[in-house]
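Those sequence lines, one after another, are chains A and B.
So the first sequence is residues 1 to 110, counted in the numbering used here.
So the second sequence is residues 1 to 113, counted in the numbering used here.
FYI, nobody ran anything at the bench for these hints, they're computed from the structure.
The reader is advised that the hints may include incorrect statements.
Residues from chain A that face chain B, not an exhaustive set, calculated with beta carbons under 10 Å [what the hints assert, rightly or not]:
#	residue
1	Tyr-35
2	Gly-42
3	Leu-43
4	Asn-51
5	His-73
6	Ala-92
7	Gln-96
8	Gly-97
9	Pro-103
Owing to the predicted nature of the structure, the values given are computational and were not obtained by experimental measurement.
Even glycine gets a Cβ: it sits at the ideal position worked out from N, Cα and C.
Residue-level listing of the chains:
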Amino acid sequence: DSGVTQTPKHLITATGQRVTLRCSPRSGDLSVYWYQQSLDQGLQFLIQYYNGEERAKGNILERFSAQQFPDLHSELNLSSLELGDSALYFCASSFQGQQFFGPGTRLTVL
Amino acid sequence: GENVEQHPSTLSVQEGDSAVIKCTYSDSASNYFPWYKQELGKRPQLIIDIRSNVGEKKDQRIAVTLNKTAKHFSLHITETQPEDSAVYFCAAGAGGGADGLTFGKGTHLIIQP
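Please put together the full structure from these sequences, using the hints given.
See the structure below:
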């Protein structure tokens, strides 16, 4: 157990819908990273927050957005969902430069 | 941006033998190189990492080497055991690990009994 928690574990929704994924970092970690894992694209960095502020953007689509709240938990919002958005979404938090991953949310778009 | 290439995509070795997985990176600004192990349906787990001021690091049966000049780093697993079967990912990042990581495509390691 890495200490990073994510909810929900599974999410099934329809094209065009909007969903919110939630992540709580390990106690004391200020950075949260979001990654997407799919069969064709592999593990891809989406976005990073540090102490409530956006720090870096990776391959994140404009339909996706994220935020980090004062209690340091983070939410990833995915809108206008397409079939190709079906994937595992991981968040990670970091301590001394090492990133520890949560259990992931499996999103299925039908 | 950074590009990480990983080889081979599948590696089958006999139990007790050694396994080597190789990665190359493109961005000379990268200075942090972690390796993750992922079992089916589970989270990626950090198994070892190396920073650019070090050429080699060892942790029991696992070692990682880094050649900054060639932009090449490798994972070595000795005395492989059935529980080593998993997908292994290399990654590269800047900022000493504080930045988002760029991952390789993964190596499916199969340990044959």
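- Unsatisfied constraints (hint numbers, rising): Structure breaks hints 4, 5.
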